[in-house]
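End of the sequence shown sits at 158 in my numbering; the numbers just go up one at a time, nothing left out.
Treat the hints with care, as some may be off.
What the hints assert, rightly or not - Here are the computed distance ranges between Cβ atoms for each label pair: (1) Pro55 / Cys78: 12 to 22 Å; (2) Thr77 / Val132: 30 to 40 Å; (3) Gly37 / Cys126: 27 to 37 Å; (4) Thr80 / Ala150: 32 to 42 Å; (5) Phe108 / His129: 34 to 44 Å; (6) Thr106 / Glu140: 21 to 31 Å; (7) Trp148 / Asp125: 12 to 22 Å; (8) Tyr69 / Phe108: 25 to 35 Å; (9) Thr77 / Thr41: 16 to 26 Å; (10) Thr41 / Thr80: 18 to 28 Å.
It is worth saying that the hints were derived from the structure and are not from the lab. Virtual Cβ for every residue (Gly too), placed ideally from N, Cα, C.
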Amino acid sequence: MKSNGTNLLIIGYGNPLRGDDGIGWRVADQLAALAGDAATVLTVHQLTPELAEPISKAELVIFIDACYGGQPGSWTCETISLDQESSEAFTHYFTPANLLGHASTIFGAKPKALLISVAGASFDCGDHLSVDVAAIIPEIVANVSQWWAANSEKSHA
2 MKSNGTNLLI IGYGNPLRGD DGIGWRVADQ LAALAGDAAT VLTVHQLTPE LAEPISKAEL
62 VIFIDACYGG QPGSWTCETI SLDQESSEAF THYFTPANLL GHASTIFGAK PKALLISVAG
122 ASFDCGDHLS VDVAAIIPEI VANVSQWWAA NSEKSHA
């Protein structure tokens with residue numbers, strides 16, 4: 002991954018001590034190794050209001066998390082829109098859309114955002130991923146890297 006001048010923030014979140022819930026951390030760590038200075042990479046247990054500040058400094062945010070349901074190891078990537086209404090209410094539970102709303106309300110920032118969700122098989126205590134979830138990491142990293150490279154070329158064209 003090389004920098005395209007776009008300020009990229011990658012947030013891998015979940016609990017790395019709850020099996021597949023740690024997929025966000027694992028993917029984020031591998032992307033960090035590839036990105037170097039081209040991106041800021043954070044790993045957190047949960048999304049909190051304090052993340053609105055680094056989000057406000059990014060042009061693109063990629064959230065990576067585990068989810069329930071679906072074939073274990075399957076994954077989706079969706080565009081996230083800011084949730085302006087819920088950003089104005091105090092809550093103890095934040096979604097990527099809530100955080101985008103907070104970044105907009107507090108800092109006036111409206112970065113583009115993607116959510117990569119990976120279907121987990123096991124969320125039991127332990128620091129290891131299930132076989133299906135671990136096997137998908139290279140595919141996700143490759144897809145994000147290819148997407149990043151393609152967008153880098155477009156921005157320099």
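Checking against the hints above, which ones are violated?
-> Going through the list in order, the structure violates hints 2, 4, 6 and 7 and respects the others.
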